[in-house]
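Undergrad: Let the sequences and hints guide you as you build the complete structure.
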Amino acid sequence: MIAAGNPAVSTTAARPSGGGRRLPLTWLGVIPFFIYVGVFLVLPSLIIAVGAFGAKDGSFTLTNFTEIKEPYLVKSFVNSFLLSLNSALIGAVGGALLAYAVATGNPRGILRRIVTSASGVLAQFGGVTLAFAFIATIGNVGFLTVFLKNHGIDIYANSAPLYELSGLTIVYAYFQIPLMLLVFLPAVDGIRPQWREATESLGGGTWHYWRYVAGPLLLPSFLGCTLLLFANAFSAYATAAAIITQGGIIVPLQISNLFTSETGRAIPGLAKALALSMILIVTIVMVLYTVLQRRTSRWLR
Amino acid sequence: MNWRHRIRGLGLVLVTLLVVAACGGSSNNGTASCGASAKSASDCGGMQALIDAAKKEGQLNVIALPPDWANYGAIISGFTAKYGIKVNSANPNGSSQQEVDAINQLAGTSSAPDVVDVGMKVALANVTLFAPYQVATWNDILAGQKESTGLWVQDYGGFMGIGYDSSKVPAITSVQDLLGSGFKGKVALAGDPTQSNQALNGVILAAVANGGSLDDVSKGVDFFHQLKQKGNFVPVIGTAATVKSGQTPVLFEWDYLSTSHGKDVSGWKIFVPSNATIGGYYAQAINKQAPHPAAARLWEEYLYSDEGQNLWLKGGARPVRQAAMTTAGTIDAAAAAALPPVTGTPLFPTQDQQTAAGTYVAAHWSAAIG
Numbered sequence: 000m001i002a003a004g005n006p007a008v009s010t011t012a013a014r015p016s017g018g019g020r021r022l023p024l025t026w027l028g029v030i031p032f033f034i035y036v037g038v039f040l041v042l043p044s045l046i047i048a049v050g051a052f053g054a055k056d057g058s059f060t061l062t063n064f065t066e067i068k069e070p071y072l073v074k075s076f077v078n079s080f081l082l083s084l085n086s087a088l089i090g091a092v093g094g095a096l097l098a099y100a101v102a103t104g105n106p107r108g109i110l111r112r113i114v115t116s117a118s119g120v121l122a123q124f125g126g127v128t129l130a131f132a133f134i135a136t137i138g139n140v141g142f143l144t145v146f147l148k149n150h151g152i153d154i155y156a157n158s159a160p161l162y163e164l165s166g167l168t169i170v171y172a173y174f175q176i177p178l179m180l181l182v183f184l185p186a187v188d189g190i191r192p193q194w195r196e197a198t199e200s201l202g203g204g205t206w207h208y209w210r211y212v213a214g215p216l217l218l219p220s221f222l223g224c225t226l227l228l229f230a231n232a233f234s235a236y237a238t239a240a241a242i243i244t245q246g247g248i249i250v251p252l253q254i255s256n257l258f259t260s261e262t263g264r265a266i267p268g269l270a271k272a273l274a275l276s277m278i279l280i281v282t283i284v285m286v287l288y289t290v291l292q293r294r295t296s297r298w299l300r
Numbered sequence: 000m001n002w003r004h005r006i007r008g009l010g011l012v013l014v015t016l017l018v019v020a021a022c023g024g025s026s027n028n029g030t031a032s033c034g035a036s037a038k039s040a041s042d043c044g045g046m047q048a049l050i051d052a053a054k055k056e057g058q059l060n061v062i063a064l065p066p067d068w069a070n071y072g073a074i075i076s077g078f079t080a081k082y083g084i085k086v087n088s089a090n091p092n093g094s095s096q097q098e099v100d101a102i103n104q105l106a107g108t109s110s111a112p113d114v115v116d117v118g119m120k121v122a123l124a125n126v127t128l129f130a131p132y133q134v135a136t137w138n139d140i141l142a143g144q145k146e147s148t149g150l151w152v153q154d155y156g157g158f159m160g161i162g163y164d165s166s167k168v169p170a171i172t173s174v175q176d177l178l179g180s181g182f183k184g185k186v187a188l189a190g191d192p193t194q195s196n197q198a199l200n201g202v203i204l205a206a207v208a209n210g211g212s213l214d215d216v217s218k219g220v221d222f223f224h225q226l227k228q229k230g231n232f233v234p235v236i237g238t239a240a241t242v243k244s245g246q247t248p249v250l251f252e253w254d255y256l257s258t259s260h261g262k263d264v265s266g267w268k269i270f271v272p273s274n275a276t277i278g279g280y281y282a283q284a285i286n287k288q289a290p291h292p293a294a295a296r297l298w299e300e301y302l303y304s305d306e307g308q309n310l311w312l313k314g315g316a317r318p319v320r321q322a323a324m325t326t327a328g329t330i331d332a333a334a335a336a337a338l339p340p341v342t343g344t345p346l347f348p349t350q351d352q353q354t355a356a357g358t359y360v361a362a363h364w365s366a367a368i369g
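Taken in sequence, the protein lines are chains A and B.
Residue numbering for the first sequence follows numbering that gives the first Met the number 0, beginning at 0 and increasing consecutively.
Residue numbering for the second sequence follows numbering that gives the first Met the number 0, beginning at 0 and increasing consecutively.
Bear in mind the hints are in silico, worked out from the structure with no lab data behind them.
Using N, Cα and C, we set each Cβ at its ideal position, and we do this for glycine too.
Heads up, a few of these hints could be off.
Said to hold, decoys possible - If you anchor each label on the Cβ, the simulated ranges turn out as follows: (1) B/358 - A/103: 54 to 60 Å; (2) A/88 - B/245: 34 to 40 Å; (3) B/239 - A/136: 20 to 26 Å; (4) A/150 - B/358: 44 to 50 Å; (5) B/273 - A/59: 28 to 34 Å; (6) B/358 - A/214: 37 to 43 Å; (7) A/289 - B/358: 38 to 44 Å; (8) A/68 - B/100: 30 to 36 Å; (9) B/366 - A/28: 48 to 54 Å; (10) B/239 - A/81: 30 to 36 Å; (11) A/104 - B/265: 52 to 58 Å; (12) A/136 - B/166: 21 to 27 Å.
TA: Structure representation (structure tokens):
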């Protein structure tokens, strides 16, 4: 898991209020942050952007980008896209229902406290630990697999479900659903009970309320959060790397292969071209997310 | 090599760099009389002079030698016991590439590797880093298995085999057996063939056994595609841990590595197909800038002596002088008899063939098993 999920938490940061024309000294406080971002985000991005146009001997070339058309790389992009989309949709629907259940419950109740704090933990539960949990449970000799096999059900009869795209989708849902709850709950909380009462006093039923009031208010936030989940899954690496050890079926794994191959397939330029493509896709998704989030915040404050 | 090892390797390199920085260039120079220019023991004034010079240096730096790999644990302790020279073993789980990286990064320091044991691809790509040296038993080694001046010399090797847990699957008598229903969810490779040479050789084996050749690896990719369609292929990289836990009861692997699973799985057997006997050798080389040049040369003499060769043999690896030692009667007959039987004519893929195979597999592997 990389930091793609984190910007969501801080989108409501207020504009600096007041302040004179001179550059205030408070800027000094954020210098460490900018150094951090510069060293760990801007610099690597620049290295990737430059390297993507470099041949093995360092000369300028565009072949890295023409080579992305190779069917096996195109397939990995399609796989990455499907994986991110499916896990985002599962996460969005599951997380939204959960958020609604929590929001309509007692605001100080034990349910809400347990669900939100558990989500805070589980949304960050990715990587090797998560992969291990699934391998030990439903891997080909996982305890559940063996238990079912002893009772006549062989889930590995015709395929290896955990080690394929479908399995990875389920594993990703494990951190996508809690993340959705965390980012979508503020929007659901913003819906005021008075609006429902107003709808009813005007003669509207449940359908009217959802169709004309709550639905349109929540939709931009819902779509925005779904995009965030998409970006989160699209950029995840460690979980997939620990589960899918053969074939590099998604883009991050292909990038890793292209850096480390000892069979003559170590092509850093191509790997960087793939990485640059991923950066572009995530940037587009995150811009859309920001637009939708701004729309949401007009009503739900 | 999987990513966890890589991360561990990186950590070790970092730690090593820190240690080196802390030690601050306290590099000790080898003795002048038997230094980096010696091309054989006679250049030093005979074997005894070499031994004396090596003892004076007192240390030897080796890298990426796992104790359970081809019996290196016993070889290292045997060398120390015989000559009283301390062996510093760095990054035992490193890869060939990391060995060469260490030569470059630690150049000029006392912790640089003196000798390396690398795959042929890495050996050929880095000859400029090595010093030529001819061991006393030089003439026993076939011309095709050494660089003519001794920049690198193949040391031990083996054949691609299919190891299997005979208590879980039927006995294997041909590669095609693996398509049978008894192998559902059981067959694995010891790496991703787009990344690992060992796994690539597994695919080459499957190609040759299915009517392909060293130049046509497509039949091997097709074979794994069939395995995948029948649900027999496990997309898990086989290691000692997965063999022990039972995740990969059938594993394509070099026979001398597969042998070691016998201690975890009592019914472990190795099948080397007679119609696809794919061989591969590792090579020794001495770092041109070795901090302990005499000890490095003595280490080579030890490895290529009857004693060193027999130690490899005990680890299930086939030492490069095996044929000559068999003729001379100096081979460890019991260890030789314990090797998996090989009846076919060995095939050794050339570097060009490996590269071509790697390119084909990279383009078709994910589609075949995805």
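Undergrad: State for each hint whether it applies.
TA: Do the hints match the structure? See the list:
1. B/358 - A/103: 54 to 60 Å: holds (59 Å)
2. A/88 - B/245: 34 to 40 Å: holds (36 Å)
3. B/239 - A/136: 20 to 26 Å: Distance hint for residue 239 of chain B, residue 136 of chain A holds at roughly 22 Å.
4. A/150 - B/358: 44 to 50 Å: holds (46 Å)
5. B/273 - A/59: 28 to 34 Å: Once the Cβ atoms are compared, 51 Å apart, the range 28 to 34 Å for residue 59 of chain A and residue 273 of chain B is violated.
6. B/358 - A/214: 37 to 43 Å: The hint (37 to 43 Å, Cβ to Cβ) is violated, given that residue 358 of chain B and residue 214 of chain A are roughly 53 Å apart.
7. A/289 - B/358: 38 to 44 Å: Holds, at about 42 Å.
8. A/68 - B/100: 30 to 36 Å: At 33 Å between Cβs, range holds.
9. B/366 - A/28: 48 to 54 Å: holds (53 Å)
10. B/239 - A/81: 30 to 36 Å: holds (35 Å)
11. A/104 - B/265: 52 to 58 Å: holds (57 Å)
12. A/136 - B/166: 21 to 27 Å: Holds, at about 25 Å.
The earlier numbered hints that this structure contradicts are 5, 6.
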